[in-house]
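If you read the protein sequences in the order shown, they are chains X and V. For the first sequence, the numbering used here assigns the number 2 to the initial residue and increments by one for each residue that follows. For the second sequence, the numbering used here assigns the number 653 to the initial residue and increments by one for each residue that follows.
Because the hints were derived from the structure by calculation, they are not lab data. Please read all numbers here as calculations on a predicted model, not as lab measurements. One or more hints might be untrue.
[Claimed, not checked] Partial list, computed: chain X residues near chain V (C-beta under 10 Å): (1) 4; (2) 5; (3) 20; (4) 34; (5) 48; (6) 100; (7) 101; (8) 109; (9) 119; (10) 120.
[Claimed, not checked] Chain X is faced by these chain V residues, among others (derived, beta-carbon under 7 Å): (11) 693; (12) 694; (13) 698; (14) 730; (15) 742; (16) 754; (17) 757; (18) 774; (19) 808; (20) 817; (21) 830.
Beta carbons are placed, not taken as given, at the ideal position from N, Cα and C, and that holds for glycine.
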Amino acid sequence: MPLGFITVLLVCQLGGEVVARLLDLPLPGPVIGMLILFAGLVIHGRIPDGLQTVAGGLLNNLSLLFVPAGVGVVTHIGLVAQAWLPLTVALVVSVVLTVAVTALVFARLCQRLGMPPEGDAYKPGGRV
Amino acid sequence: MEGELYRIWVYLAEKPLMGLTTTLLAYQAGQWLYARTRMFPLCNPVLIAVTVLAGFLYVTDTPYRLYFDGAQFVHFLLGPATVALAVPLYRNVAQLKRTAVPLTAALLAGAVTAVGSAVGLAWLLGAGGQTLASLAPKSVTTPIAMGISESLGGLPSLTAVLVILTGILGGVLATWTLNVLRISDWRARGFAVGLAAHGIGTARAIQLNEVAGAFASLAIGLNGVATAVLLPLVVALLT
């Protein structure tokens with residue numbers, strides 16, 4: 002693991018936290034940190050190999066990083082109990098509708114504007 | 653012998669090693685099961701790991717705080733990992749620029765659907781005002797969602813629960829939804845899953861396709877900003 006690029010990520014995150022608090026922005030520090038790193042890459046003009054390695058290592062295991070928060074949430078599941086029926090129905094239906102509407106608007110508009118589709122995800126085994 | 657084992661357990665339960673190791677074990681068990689069932693959606697590794705660990709804490713009567721002493725090392729990496737999303741974003745910047753118009757339209761349609769469908773349904777089924785305010789930002793990444801919830805008079809802690817549940821549901825249901833609709837475009841699939849199910853959806857997208865991952869990463873930030881800006885405005889107009 003290239004230590005220098007781990008430091009780069011942490012410095013961007015720290016910068017993001019500082020900016021978010023100084024300017025009282027409604028964005029979390031890490032998201033601003035992402036914008037800072039993105040700006041850095043635009044200025045630098047390419048992605049250094051070491052950064053590629055570090056980012057790949059983290060992002061390939063991104064699902065794992067949500068597990069501790071997920072466990073915390075399940076231990077607070079009682080909060081949902083008082084309105085469990087409306088909340089369950091709303092969450093399940095809304096997530097399906099949101100995915101459907103977003104994807105359809107994007108795909109149909111690309112078609113309308115004459116942009117060719119990118120990829121062939123809908124084949125047996127196409128998954129997101 | 654039993655007393656000896658108990659002493660070892662008490663010793664280990666107090667150490668961060670326990671929380672960290674069980675987190676990695678449960679997640680890898682989830683990944684193994686997911687691969688074995690040929691990616692059956694209900695065997696989503698996050699869902700499996702969270703269920704197994706919550707059950708483990710319950711059975712062993714371990715407080716969450718003690719577990720988190722170890723698990724925090726994993727949790728901490730969420731920050732740098734979010735920063736690292738700039739890399740796939742930069743690598744696909746040409747694609748993102750080219751699709752600026754469909755992206756903007758899909759963002760607005762998706763953000764309105766995410767809030768409107770959830771709040772509308774819960775209201776029809778009799779949920780109260782505070783619950784509705786806590787539910788409204790559920791598709792937005794946790795820190796932004798908690799801020800929105802608080803400003804609308806919701807309960808940020810309930811919002812945190814609903815956000816994570818939305819992410820897990822998105823991981824479980826998105827593939828099926830997109831396949832039923834025969835959406836073959838990785839950009840559309842990624843953007844939709846990132847918008848509806850924030851980081852947890854994005855994590856899935858990144859593992860499957862690089863372009864989908866970049867569009868999902870972008871969707872987290874854009875939907876966070878769109879909802880944070882638009883929702884208080886709509887509420888102010890309606891009340």
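Structure-based check of all given hints:
1. 4: Given a least distance of 13 Å, the restraint on residue 4(X) is violated.
2. 5: violated, 13 Å
3. 20: Status violated, d = 13 Å.
4. 34: OK, holds: residue 34(X) within 10 Å of chain V, min 4 Å.
5. 48: holds, 6 Å
6. 100: holds, 5 Å
7. 101: Cβ of residue 101(X) sits 6 Å from chain V, so the hint holds.
8. 109: holds, 8 Å
9. 119: holds, 5 Å
10. 120: holds, 4 Å
11. 693: Violated - the Cβ of residue 693(V) stays beyond 7 Å from chain X, reaching only about 9 Å at its closest.
12. 694: violated, 13 Å
13. 698: holds, 5 Å
14. 730: holds, 5 Å
15. 742: Constraint on residue 742(V) satisfied, holds at 4 Å.
16. 754: holds, 4 Å
17. 757: With a closest approach of 5 Å, the residue 757(V) hint holds.
18. 774: With a closest approach of 4 Å, the residue 774(V) hint holds.
19. 808: Check failed: Cβ of residue 808(V) comes no nearer than 11 Å to chain X, outside 7 Å.
20. 817: Hint on residue 817(V): holds, closest Cβ of chain X at ~6 Å, below 7 Å.
21. 830: holds, 6 Å
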